[in-house]
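Peer 1: Listed below, chain by chain, are the residues.
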Amino acid sequence: SQKIEQNSEALNIQEGKTATLTCNYTNYSPAYLQWYRQDPGRGPVFLLLIRENEKEKRKERLKVTFDTTLKQSLFHITASQPADSATYLCALGNNDMRFGAGTRLTVKP
Amino acid sequence: ETGVTQSPTHLIKTRGQQVTLRCSSQSGHNTVSWYQQALGQGPQFIFQYYREEENGRGNFPPRFSGLQFPNYSSELNVNALELDDSALYLCASSLGQDRLKNIQYFGAGTRLSVL
Numbered sequence: 062s063q064k065i066e067q068n069s070e071a072l073n074i075q076e077g078k079t080a081t082l083t084c085n086y087t088n089y090s091p092a093y094l095q096w097y098r099q100d101p102g103r104g105p106v107f108l109l110l111i112r113e114n115e116k117e118k119r120k121e122r123l124k125v126t127f128d129t130t131l132k133q134s135l136f137h138i139t140a141s142q143p144a145d146s147a148t149y150l151c152a153l154g155n156n157d158m159r160f161g162a163g164t165r166l167t168v169k170p
Numbered sequence: 154e155t156g157v158t159q160s161p162t163h164l165i166k167t168r169g170q171q172v173t174l175r176c177s178s179q180s181g182h183n184t185v186s187w188y189q190q191a192l193g194q195g196p197q198f199i200f201q202y203y204r205e206e207e208n209g210r211g212n213f214p215p216r217f218s219g220l221q222f223p224n225y226s227s228e229l230n231v232n233a234l235e236l237d238d239s240a241l242y243l244c245a246s247s248l249g250q251d252r253l254k255n256i257q258y259f260g261a262g263t264r265l266s267v268l
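Here the protein sequences line up with chains A and B, keeping their order. All residue numbers for the first sequence refer to the numbering used here, where the first residue is 62 and numbers rise by one. All residue numbers for the second sequence refer to the numbering used here, where the first residue is 154 and numbers rise by one.
These aren't lab readings, by the way, just hints derived from the structure by calculation. Keep in mind that this is a model prediction, so the values were computed, not measured. Accuracy of the hints is not assured; some may be wrong.
[Stated by the list, open to error] Here are some, though not all, of the chain B residues that point toward chain A, as calculated from beta-carbon distances under 8 Å: (1) F198; (2) L243; (3) N255; (4) F259; (5) G260; (6) A261; (7) G262; (8) S266.
The C-beta atom is built at its ideal place from N, Cα and C for all residues, glycine as well.
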């Protein structure tokens, strides 16, 4: 069966450090993968999309990698700030987007 | 803010009742998807509508149904409510079917509690 796994339910790091979140998938052949941020009581907000032929994508302090051989995407936040504290979701699919369970990131001052 | 609005924000129903949730898409978006999000879980895909036709469905029973209107607003209807239907229901609109247009723009959701 198809699965999307984000291997950390929660991640606590110190301000200024780099946060690395993992998304693994099985039985998918996605053309692209997306990352979203969700704050408590709100809907997810799109952050980045990476295509199957892209190894890496950057946006300000965010970096995403996509390894279709390993079936894995890594999401990095560099120079993390307390305002980065949120749940981060990976998603893939076409007209039926499937989300992982998310990783709750807490950045401590 | 995404421009996607959902109503109501909160709702309490009893088991066996029916409920209708509403969603207004972002301007220019012709595709709407509905998701169910239980506490501590990621959004689970219910179905998607594209130009008023259902265009994909997740693993949800037929008592979950939907509509999309000519102005691309949408409804989610759930019949015969069960306790397990208690969740946050999210609506997301997107530009269309092309991979680069399938970025989901979410509303804030409707919190449904079934007692």
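Peer 1: Against each hint, give a clear statement of whether it holds in the structure.
Peer 2: Quick rundown of the hints versus the structure:
{"no.": "1", "hint": "F198", "verdict": "holds, 5 Å"}
{"no.": "2", "hint": "L243", "verdict": "holds, 5 Å"}
{"no.": "3", "hint": "N255", "verdict": "holds, 7 Å"}
{"no.": "4", "hint": "F259", "verdict": "holds, 3 Å"}
{"no.": "5", "hint": "G260", "verdict": "holds, 5 Å"}
{"no.": "6", "hint": "A261", "verdict": "holds, 5 Å"}
{"no.": "7", "hint": "G262", "verdict": "holds, 5 Å"}
{"no.": "8", "hint": "S266", "verdict": "violated, 14 Å"}
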